[in-house]
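K.L.:
Heads up: the protein sequence lines correspond to chains A and B, in order.
Its first residue numbered 1, the first sequence is counted upward by one per residue in my numbering.
Its first residue numbered 1, the second sequence is counted upward by one per residue in my numbering.
Honestly, the hints are just simulated from the structure, not real lab data.
Quick caveat: nothing in here was measured; it's all calculated off a predicted structure.
Wrong hints could be hidden among the right ones.
To be verified - Quick look at which bits of chain A chain B covers, simulated, 3 or more residues with Cβ under 8 Å:
id	stretch
1	177–187
2	251–262
3	266–273
Said to hold, decoys possible - Below, computed lysine-lysine pairings styled on DSBU-like, alpha-carbon distance capped at 35 Å:
id	chain 1	residue 1	chain 2	residue 2
4	A	K42	B	K34
5	B	K62	A	K42
6	B	K82	A	K42
7	B	K468	A	K185
8	A	K187	B	K62
9	B	K583	A	K185
10	A	K185	B	K721
11	B	K314	A	K187
12	A	K185	B	K455
13	A	K185	B	K797
14	B	K721	A	K42
15	B	K290	A	K42
16	B	K82	B	K42
17	B	K474	A	K185
18	A	K187	B	K468
19	A	K187	B	K474
20	A	K42	B	K42
21	A	K23	A	K62
22	A	K187	B	K290
23	B	K422	B	K471
Yeah, the Cβ is synthetic: ideal placement off N, Cα and C, and Gly gets one too.
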Amino acid sequence: MITGSFDYHQPGTLQEAVALLAKLGDGARVLAGGHSLIPTMKLRLAMPEHLIDLQAVRELKKIQVTGAEVCIGAMTTQAELIASDELHRAAPIVRETSLQIADPQVRYLGTIGGNVANGDPGNDMPALMQCLDATFVLSGPDGERSVQAREFYEAAYFTARDDLEILTEIRFAATSGGYAYEKQKRKIGDYATAAAAVLLGKGADGSCEQASIALTNLADTPLYCEAASAQLVENGLTEPSVDAAVASAMSQIDPVDDNRGPAEFKRHVAAIILRRAIQQAWARA
Amino acid sequence: MSATAESVQDRKAALKGLGTSRKRVEDARFTQGKGNYVDDIKLPDMLFGDFVRSQYAHARVKSIDTTAAMELPGVVAVLTAKELEPLNLHWMPTLAGDKQMVLADGKVLFQGQEVAFVIAEDRYIAADAVDLVKVEYEELPVLVDPFKAELPDAPVLREDIADQKEGAHGARRHPNHIFTWEQGDKGATEAIINEAEVVAEEMVYYHRTHPCPMETCGSVASMDKVNGKLTLWGTFQAPHVVRTVASLLSGIAEHNIRVVSPDIGGGFGNKVGVYPGYVCSIVASIVTGKPVKWVEDRMENLSATAFARDYWMKGKIAATSEGKILGLWCHTTADHGAFDACADPTKYPAGFMNICTGSYDIPTAYLAVDGIYTNKAPGGVAYRCSFRVTEAAYFIERMIEVLAIKLNMDAAELRAKNFIRKDQFPYQSALGWEYDSGDYHTAWDKALEAVGYKKLREEQAQQVEDFKAGKTRKLMGIGLCHFTEIVGAGPVKNCDILGMGMFDSCEIRIHPTGSALARLGTISQGQGHATTFAQILATEIGISADEITIEEGDTDTAPYGLGTYGSRSTPVAGAATAMAGRKIRAKAQMIAAYLLEVHDNDIEWEVDRFVVKGAPERFKTMKEIAYASYNQAIPGVEPGLEAVSYYDPPNMTYPFGAYVCVMDIDVDTGVSDIRQFYALDDCGTRINPMIIEGQVHGGLTEALAIALGQEIAYDELGNIKTGTLMDFFIPTSWETPNYQTDFTETPSPHHPIGAKGVGESPNVGGVPAFSNAINDAFRAFGLTHTHMPHDHWRVWKTANDLGLHG
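With the rest of the complex left out, here is chain A (with noise of 0.2 Å):
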């Protein structure tokens, strides 16, 4: 549980952090929150020759609300997703599920961005933001670009961002209707046995306007289920109707057995915890 030797660097603005990282190439990385990357430093798993921390770039910590945009910094903490009532009104899902997220003392270091970027499939956030439907702003030597949530995470731990890129910004368009993030974990501080985000809209009429699932831990990829969306969207939320979502959602799972329980398990928990995501943001609806 002791490092191996590094260089720190804190730069102070973001393009010093791009122009560091290009410099530094592949031995470094950049430290954000560092719960997920200490640990594995600590493990002797990751032993990068540099540390690039961007806790001093001021302008990766925001959180912005414009008519129906929301715009949050990288570097904004769970703590302060939380706190900010601004957010909560534009997006309330993003307090529930920030709130799921490990402890407190966890969420007062831990970061959106680096939930987002490490492209670990246990982590919350990235299924929250393929439910959003949310834009990442990355910035490289060769300048900014934006990806989709729904379009960046290939494998575990690897994602469309280039190793010269920083994952700078997160946009998405401010929600209405209902809301949920359902999560079945061991104990606090766990990732998900399995976890779903819900977000559902409802016609004066009590028709399905919008709908948007996506699955946390349950592939080596957060899960974003479109055609499941889609049904109910068609469909409504009659009990058949759920039925033809959830066992959509479970068409693209792949649990893999670990302490949690087994693959099996897994899928039945899945579907249980999909099926109540749906119910809690229909209720809210």
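Since the structure of chain A is already known, use the hints to place chain B on it.
P.N.:
Positioned in the frame of chain A, the structure of chain B alone reads:
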């Protein structure tokens, strides 16, 4: 008259003695981060040690190349078995009469075993150097299942003793077999079981877990080559025993060794034994002439220092058709790992497992325990319990439930029908113990009344109907437990550790101004000794607890004692404290009589003073007496006011309790939610009710952890699957329910103040209560028994196997 009565009351209250919820004096420093733990010790020129550990569970060590490590700047030395062998320290004796490799001697026997010890000028360099030590292994077949240990193709683990037919505890029938320990009457018990109207049988597994104290194990050794003295600071639950062992192992005379246990961040049995890290830090200090610190990290703690439990308990219980229990039979397969490093009294290789008749009047019983070697870490310590008592309590409390199912009887009623009655104490158990005191029926009735037991059962029955009718997907479990503990080891005639009798001690000095210092042979790891022992003494000698300093843990100053574990501090050292206090009072009486110019028999003790009988205005307070003892020439009385007591308890004490856990279980996800937990404890005389409540809360939370998810699991290659706190369950406040505590008070008849000990009761009683709740929830659907830990997926699997998922 009333003024006097009131002042007696006031004076009594001012003492803050027995029965007072006195605030813990330790907490001021702990809550301000001012504790002094082993890792806080920093000495000039101190070096740091770190282990190269085996990644294999069973392998031959072909070679160890330390060249690259030695070339790293800042590395001082690398020790392997080869370096330790000339000192005869490459192996060390265990507390259980076995021996254990300090550093791998030709082979490794469990994952995480210590292979080499790197010593460097800084902790980071030591860790870097560990990576540079090249060890060449040849993998060997791995044995993780104790039931396969004696099969013809089983690998022989302990080649060093493969041919020894006789072990420390009798005959060995196989190289992987450690001992067979039998208690009770086998023939009579089997005859009863063969003939009984009703027999229930079950295999009850108490899985492998770990005490996991917040502070891991560590030591700092400092050998002063000028004066020949070795000082050893460490996380020791038994510092005096460590001194004796260190002297025997190292050849350093015992008076030249000082062992200090500073503040200890929880022990729970994990810090009773002697570990390779301690030995290596000592050797390293002797070799280098500098202080050497070794502190293990969390993964090392979970994977290499002592585990707990891992008992496979096969049981048969016989009864009449009306539910009167006639006999109990138990065969336990005990997985001890690679070395037998249990911390049990010498004559008890399975601890006090023979308390497994529990709270019941079972006339005939038989217990056999087979100890087995496997490729797992050594240990088998008493994790917040007296030696193997939690295993015994879990076994009998599961067997009672299984029998209730077989009899189609209410489990509370079955217990009440078989309790040892109040008038049967002192009670001789079929497996050899003499229970000192108890009033089980009173406690049981109080518990059932408090939770509204009848109503709970009605609600549960309704819920089962609702579940069957598809109205709910939740089930309700009612977990009952009535446990009897055996603590306070113990009488020197049958309890020793490495030959040292299990007495304990207290030495008291009264200062001229009437305050006091008391030193004990025990050592607090969070129990609050500095608070409670002062309270015992305050009541005995009439000096306020606030004016009594309690010191423990420094072998140069404290009297010899066997340490703190197995709830023995109050039963043994607490008794020594009271007895030493009584010696002080006896001398004080002579001094007071002299000062008052009356005969010794003409004065009597009253709270904090001696008073002339019939003349209440004539008295001498303890403070006055203390001063006089230092400045008066009293004929026939030595100056000063000091006493020491070494207390050899005549018997163990037998705390008991009645627990009820009500749980709601989500059948679809396996998630359990504790709705209510009621804990009635009877620990005899209560010293500090607030500390008792704290102990009960802590013990129940550890019990919850064990029952609901905490385990050390291995795969078939002997890899640890739960070696970090991500997978090893430690509950936070979030997972911890509200506990409702209660008590009855049945003093121990043989203890000077009637106290029995409480620290471990909640773990002993809590585990069966939680587990029984889970099992009970599925009783209506045909479940007899399901193994712990009851984590989500196992509960889900139970429901699934019963066809409850449709």
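K.L.:
Each hint should be assessed against the structure and marked as holding or not.
P.N.:
Status of each hint after checking the structure:
1. 177–187: Holds: 3 residues of the stretch 177–187 of chain A have a Cβ under 8 Å from chain B.
2. 251–262: Coverage by chain B holds for the stretch 251–262 of chain A (4 residues, Cβ < 8 Å).
3. 266–273: holds (count 4)
4. A:K42 x B:K34: Status holds; Cα separation ~27 Å.
5. B:K62 x A:K42: holds, 29 Å
6. B:K82 x A:K42: holds, 30 Å
7. B:K468 x A:K185: Roughly 27 Å between the alpha carbons, so the hint for K468 (chain B) and K185 (chain A) holds.
8. A:K187 x B:K62: Distance of about 43 Å is beyond 35 Å: violated.
9. B:K583 x A:K185: Not OK: K583 (chain B) and K185 (chain A) at ~58 Å, beyond 35 Å, violated.
10. A:K185 x B:K721: Since the Cα atoms of K185 (chain A) and K721 (chain B) sit roughly 18 Å apart, the hinted pair holds (cutoff 35 Å).
11. B:K314 x A:K187: Given that 35 Å is the threshold and the Cα spacing comes to 32 Å, the pair holds.
12. A:K185 x B:K455: holds, 32 Å
13. A:K185 x B:K797: holds, 16 Å
14. B:K721 x A:K42: It holds: about 18 Å lies between the C-alpha atoms, which stays within 35 Å.
15. B:K290 x A:K42: Distance ~28 Å between K290 (chain B) and K42 (chain A) Cα, so the pair holds.
16. B:K82 x B:K42: With a Cα-Cα distance of about 30 Å, the restraint between K82 (chain B) and K42 (chain B) holds, given a limit of 35 Å.
17. B:K474 x A:K185: The hint holds at about 18 Å.
18. A:K187 x B:K468: holds, 30 Å
19. A:K187 x B:K474: Holds: K187 (chain A) and K474 (chain B) sit about 20 Å apart, inside 35 Å.
20. A:K42 x B:K42: Roughly 23 Å between the alpha carbons, so the hint for K42 (chain A) and K42 (chain B) holds.
21. A:K23 x A:K62: This hinted pair holds, its Cα atoms lying about 27 Å apart.
22. A:K187 x B:K290: violated, 44 Å
23. B:K422 x B:K471: violated, 46 Å
The structure shown violates the earlier hints numbered 8, 9, 22 and 23.
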